[in-house]
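**Q** Listed below are the residues making up each chain.
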Amino acid sequence: MFQTASMKQTLQFDQQSCRLTLEGLPDLSAGHSSDAIGILTGWSLAWVGRPEELEGRREHLEAILRVVLSYARYLISGVPRRVGAAEDPASISPGEDGRHVLLLRSSQAGVEPLALGLDDAELADLVRVLDRLRLDPRLQVSLPEDPCRPLRAREVQGRTPLQRRLSGVVGGAAALGLTAAAAWLLPPPPAPAPAPGSPPPAAPRG
Amino acid sequence: MVTIAPADSPTQRAAAPAVAPAAAAVERPLSRRGLERLDLLLLCVEALDFNGGEAMVWISAQLGFTELFPNRVELWKRRCHNPLRRSFRRGSLAPAETDALIRILGVMAERLYPMLHQLLASSEPEALLQERWDLFAARLGELVRERMNPRRSGVQRLLDPVAGAPLRRQLILSLALAAGAGGFERLRASLLDADG
Numbered sequence: 089m090f091q092t093a094s095m096k097q098t099l100q101f102d103q104q105s106c107r108l109t110l111e112g113l114p115d116l117s118a119g120h121s122s123d124a125i126g127i128l129t130g131w132s133l134a135w136v137g138r139p140e141e142l143e144g145r146r147e148h149l150e151a152i153l154r155v156v157l158s159y160a161r162y163l164i165s166g167v168p169r170r171v172g173a174a175e176d177p178a179s180i181s182p183g184e185d186g187r188h189v190l191l192l193r194s195s196q197a198g199v200e201p202l203a204l205g206l207d208d209a210e211l212a213d214l215v216r217v218l219d220r221l222r223l224d225p226r227l228q229v230s231l232p233e234d235p236c237r238p239l240r241a242r243e244v245q246g247r248t249p250l251q252r253r254l255s256g257v258v259g260g261a262a263a264l265g266l267t268a269a270a271a272w273l274l275p276p277p278p279a280p281a282p283a284p285g286s287p288p289p290a291a292p293r294g
Numbered sequence: 322m323v324t325i326a327p328a329d330s331p332t333q334r335a336a337a338p339a340v341a342p343a344a345a346a347v348e349r350p351l352s353r354r355g356l357e358r359l360d361l362l363l364l365c366v367e368a369l370d371f372n373g374g375e376a377m378v379w380i381s382a383q384l385g386f387t388e389l390f391p392n393r394v395e396l397w398k399r400r401c402h403n404p405l406r407r408s409f410r411r412g413s414l415a416p417a418e419t420d421a422l423i424r425i426l427g428v429m430a431e432r433l434y435p436m437l438h439q440l441l442a443s444s445e446p447e448a449l450l451q452e453r454w455d456l457f458a459a460r461l462g463e464l465v466r467e468r469m470n471p472r473r474s475g476v477q478r479l480l481d482p483v484a485g486a487p488l489r490r491q492l493i494l495s496l497a498l499a500a501g502a503g504g505f506e507r508l509r510a511s512l513l514d515a516d517g
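Residue numbers (the working numbering), protein chains in the order written: chain A, 89 to 294; chain B, 322 to 517.
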């Protein structure tokens, strides 16, 4: 494979609040066209109005892609929840003030994790940027797939308040209890009088 | 500039397909809740865009759904499968029809994305933001009162000035996340969620 500096490719994905830039080279040995990126050499994510510009290894980009798109999947269903474990390079969780906290951990020892508080608009921009990156035909690099699947019943339980979820069960149980109590209070029907000429009931033995 | 980690030597991986494979087609119809949400999202689009109804018909034709929705009435009939509607039609929609409605919604959300962004951005001045939300809530309220059954608790909650605010925000956020390249699969999967 013969590559020169002039073959360096840059892909840029812009939204109102962020810009994702990817740099890399086409992998000519894999038959890529000259405007494709088959070997990722770097990436950066810049935010409007924030001094931080994120850079990192490919693993960090993959981690951001995985957790943000998965988080967006839960969010569109109305069940925001933390995605990404404590030891993962990236995780995202709902914040206290309605923001979304994207936490990035450096692979370098002694570097504190970086927390970015994103509002809904910034998160939507980031999701759009990552969607475009994932689906761009010029990027010939394998990336995590978007886990778009319907959520199971236990995953969406938090969408309905507990009070409303239990109201049906409690109402049904109360109705059943009232009916049982009313039936218990009713006097038993009188025993039928014995017909004339019929033998008296047998006395119990012993 | 904050560096998570230094960009190290070039990393080469197996080449990926040029375009992510399309998700498998919907094989089951939307639940009642899914139909409710889909129609409410379309209603939000109409609240944001005065010509939303016209635009939907035009986009439907542009996307090649003329056979499914040959005219405005047919489009309206499909939306009337929403159980919250005054003129509710029983039965479920065919997966091809719901797919088409989600595609139309995605294109509309893409067109309206700047407005959605404005509503969701916390950097906007508070008074201006509140004014925008009030305007949206008023327009949506008009449409909901006109078309939905006011005896349904879901409709009453949506019209409630306080309790309805988070619902309206969730609808706008859903529209923002449904816009763009990956929005179709995301929204479709969410409409197919199990009932909680």
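To be clear, the hints were calculated from the coordinates, so they are not data collected in a lab.
Accuracy of the hints is not assured; some may be wrong.
Partial selection, computed: residues in chain A whose CB lies under 7 Å from chain B [said to hold, decoys possible]: (1) R161; (2) I164; (3) R169; (4) A209; (5) D219; (6) L221; (7) C236; (8) P238; (9) L266.
For glycine and all other residues, C-beta sits at the position ideal for the given N, C-alpha and C.
**Q** If a hint holds in the structure, say so; if it doesn't, say that too.
**A** Here is what the structure says about each hint:
no.: 1; hint: R161; result: 6 Å, holds
no.: 2; hint: I164; result: 5 Å, holds
no.: 3; hint: R169; result: 13 Å, violated
no.: 4; hint: A209; result: 4 Å, holds
no.: 5; hint: D219; result: 4 Å, holds
no.: 6; hint: L221; result: 9 Å, violated
no.: 7; hint: C236; result: 4 Å, holds
no.: 8; hint: P238; result: 4 Å, holds
no.: 9; hint: L266; result: 24 Å, violated
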